[in-house]
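Q: Here is what each chain is made of, one letter per residue.
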Amino acid sequence: MLDLTAKTPCDGLLPVSHGPFTLTEIVPKALTSIAPFKGQAGAVSDTLQSAHGITLPSIGGATGNGSVQAIWFGQGQYLLTGPAPDGLDGIAAVTDQTDAWATVRLDGHEAAEVLARLVPVDMRPAMFPDGTSVRTLLGHMTVSITREGEGYRIMAFRSMAVTLVHEIAGAMEAVAQRL
Amino acid sequence: MRLPCPICGPRDSREFIYRGTALDRPAPDAGTEAWEEYLHLRDNPAGPIREFWYHHAGCTAWIEVTRNTATHEISDAVLAGGEGAA
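Protein sequences appear in the order of chains A and B. Each residue of the first sequence is one higher than the one before, counting from 1 in this note's numbering. Each residue of the second sequence is one higher than the one before, counting from 1001 in this note's numbering.
Bound-form chain A, shown alone (with noise of 0.2 Å):
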C-alpha cells in the first residue's frame, strides 16, 4: 500500500513576511462544527463546560483559547477547535471539519491596516477587540475572522489557500511599501 504524506493547506506557501506583517499557518488538531438543535444550544453550552471547559459564544464572539476554543461561526452554527467533541449526540448536529479550512494567522502592529485593503468590516482593535469573530470576505472569498491577542486568526476554505495566502502577502507587501 501506498504510504502517502498527509500536507497542510499551506504547504509551501507559508511563513511569509513583509515589513512588520508575518503571515504564519496554524495546524489545529480537529475542528468541529456544531449547530445546536431547536431549543440545545444551553444545554450544548453545558456540555461543552463540563467537557472542555468553554461555553458557546455569544454572536461574533469566541471563547477559549489556545488548545481549545469555540468560534461563533455562522447562525446557529460554532466551530470547536482542537479536540473532538464529547457527549452532543441528540443535541447537535456535529460535523468534522478538520481537513476542510485553510487556518493563518496576521501578526504585526497596525494588521488592521493590511485587513482594511481586503475586508469590509473594521478590522481596528477598537472596533474589533480581543475575542471577536466575524464571518465576511476577503476579496471575493467568504471568511472567519477572529482577534487573538495582538494577531488575527483567519480561516478560508482549504481548496482557497493559496489565494487567501495570494491576497493577503499581496496587501501586507503594499502596506509595507508605505509604511
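Don't read these hints as lab results, they were simulated from the structure. Just so you know, not all the hints are guaranteed correct.
[As the list claims (entries may be wrong)] Listed next, with one range per pair, are the computed distances between beta-carbon atoms: (1) A/4 - B/1076: 50 to 58 Å; (2) B/1001 - A/30: 55 to 63 Å; (3) A/98 - B/1014: 25 to 33 Å; (4) B/1045 - A/176: 28 to 36 Å; (5) B/1027 - A/58: 48 to 56 Å; (6) A/65 - B/1029: 56 to 64 Å; (7) B/1071 - A/122: 22 to 30 Å; (8) B/1046 - A/39: 41 to 49 Å; (9) B/1054 - A/53: 43 to 51 Å.
Cβ atoms here follow ideal geometry from the backbone N, Cα and C, with glycine treated the same way.
Given chain A's structure and the hints, the job is docking chain B onto it.
A: Structure of chain B alone, referenced to chain A:
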C-alpha cells in the same frame, strides 16, 4: 450601500445576495390569476418595498428588508425566518 443584518449588524452590501421581492404566497387553490401574478407580475413602486436579501458571506441568514426605492432609506430589516431563527 449597507444593510442592517439583525444578527451581524450593519454590513456592506457585497456580503449579501438579492433574493427578490418579499411576497405573500397565495393559497394553493387561489386560482390561476393569483398565481400568475405571484410568479410573474411585479409592482415597480417609487417608495417603500419589501425584499429578501441573503447574507451569504456572513451569518447565512435570509433577511426581509424594507427599503425606499426613491431615497434608498432602509426602514426595517428582520429575520425572514422569524425572531427565533438566530
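Q: Could you check the hint for me, namely that residue 1054 of chain B and residue 53 of chain A are 43 to 51 Å apart, CB to CB?
A: violated (36 Å)
Q: Determine whether the Cβ-Cβ distance between residue 1071 of chain B and residue 122 of chain A falls within the hinted range of 22 to 30 Å.
A: holds (25 Å)
Q: If I claimed the Cβ atoms of residue 1046 of chain B and residue 39 of chain A lie 41 to 49 Å apart, would that claim hold in this structure?
A: About 43 Å separates the Cβ atoms of residue 1046 of chain B and residue 39 of chain A, which means 41 to 49 Å holds.
Q: Is the hinted range of 55 to 63 Å satisfied by the C-beta distance from residue 1001 of chain B to residue 30 of chain A?
A: violated (39 Å)
Q: Within 28 to 36 Å or not, the Cβ separation of residue 1045 of chain B and residue 176 of chain A?
A: violated (50 Å)
Q: Verify the CB-CB distance for residue 1027 of chain B and residue 58 of chain A against the hinted window 48 to 56 Å.
A: Violated: the Cβ-Cβ distance is about 40 Å, outside 48 to 56 Å.
Q: Determine whether the Cβ-Cβ distance between residue 98 of chain A and residue 1014 of chain B falls within the hinted range of 25 to 33 Å.
A: holds (30 Å)
Q: Take the C-beta atom of residue 65 of chain A and the C-beta atom of residue 1029 of chain B, compute their distance, and say whether it sits inside 56 to 64 Å.
A: holds (58 Å)
Q: Does 50 to 58 Å hold as the CB distance between residue 4 of chain A and residue 1076 of chain B, or does it fail?
A: holds (54 Å)
Violated hints, in rising order: 2, 4, 5 and 9; the structure is consistent with all others.
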